[in-house]
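Chains as they are written, first to last, in the numbering used here: chain B, 19 to 130; chain W, 2 to 113.
Hints are supplied without guarantee of correctness; some may be wrong.
As the list claims (entries may be wrong) - Sample of chain W residues facing chain B (criterion: CB under 8 Å; computed from the structure):
hint : residue
1    : Q35
2    : S47
3    : L48
4    : D99
5    : K100
Simulated from the structure, these hints should not be mistaken for laboratory data. Note that beta-carbon positions come from the ideal geometry of N, C-alpha and C, so glycine has one too.
Below, each chain spelled out in residue letters.
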Amino acid sequence: KAGVTQTPRYLIKTRGQQVTLSCSPISGHRSVSWYQQTPGQGLQFLFEYFSETQRNKGNFPGRFSGRQFSNSRSEMNVSTLELGDSALYLCASRNGGEDTQYFGPGTRLTVL
Amino acid sequence: KQEVTQIPAALSVPEGENLVLNCSFTDSAIYNLQWFRQDPGKGLTSLLLIQSSQREQTSGRLNASLDKSSGRSTLYIAASQPGDSATYLCAVRPRNTDKLIFGTGTRLQVFP
Numbered sequence: 019k020a021g022v023t024q025t026p027r028y029l030i031k032t033r034g035q036q037v038t039l040s041c042s043p044i045s046g047h048r049s050v051s052w053y054q055q056t057p058g059q060g061l062q063f064l065f066e067y068f069s070e071t072q073r074n075k076g077n078f079p080g081r082f083s084g085r086q087f088s089n090s091r092s093e094m095n096v097s098t099l100e101l102g103d104s105a106l107y108l109c110a111s112r113n114g115g116e117d118t119q120y121f122g123p124g125t126r127l128t129v130l
Numbered sequence: 002k003q004e005v006t007q008i009p010a011a012l013s014v015p016e017g018e019n020l021v022l023n024c025s026f027t028d029s030a031i032y033n034l035q036w037f038r039q040d041p042g043k044g045l046t047s048l049l050l051i052q053s054s055q056r057e058q059t060s061g062r063l064n065a066s067l068d069k070s071s072g073r074s075t076l077y078i079a080a081s082q083p084g085d086s087a088t089y090l091c092a093v094r095p096r097n098t099d100k101l102i103f104g105t106g107t108r109l110q111v112f113p
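Using the sequences plus the hints, can you model the full thing?
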């Protein structure tokens, strides 16, 4: 069974641009969560989706948004990029029948 | 507000040593606690998950314990190997959410 996949793996953008990151969960997993990892703040929770509904949102500005599609794939969007948005963005998926969360390899976003 | 702390922040040991990594959390109302491993620039690999009702879990050379009442978990690594070199993260999951709250990690280096 394929693991969690994230595309693209690397992105370079400039300030003011917007970006869309994609996450495909493990087949059958309906829960998807997103995290931002930076050297200064560590891993911080962004959003949690289940069956196309956002169930929880972290303490991030409105520039960060997300959605989940009917096939459980999820996207997150960051508008008006700032230098501080440079980070590794990780998504995780979970099967409703178990508690372990499985993480993808991440998307490394660099904002210049 | 739940806070998760890991001690030590970094550890360098010779091959063959037995290790204990510590994780503490401030709110005992957790659903479970998960230990992860992260290699540089990569995603997270789940190592062990302990439910709030459990005291410990074992997988190979790894043993994780949980003392919910005192807000502590330990990850014990037996007979360490250079391949164990990575950052180890603990994360607590509150009830009724998939959100994980991560500690700051312990960076482990095992030298031959």
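Do the hints match the structure? See the list:
Given the 8 Å rule on beta carbons, the hint for W/Q35 holds: about 7 Å separates it from the nearest Cβ of chain B. The restraint placing W/S47 at the interface with chain B holds, with a minimum CB-CB distance near 5 Å, inside the 8 Å limit. Because the smallest distance between the Cβ of W/L48 and any Cβ of chain B comes to about 10 Å, over 8 Å, the interface hint for this residue is violated. Contact between W/D99 and chain B, as hinted, is supported at the beta carbon level, the nearest pair being about 5 Å apart and thus within 8 Å.
The closest approach between the C-beta of W/K100 and any C-beta of chain B is roughly 5 Å, which is under the 8 Å cut-off, so the hint is satisfied.
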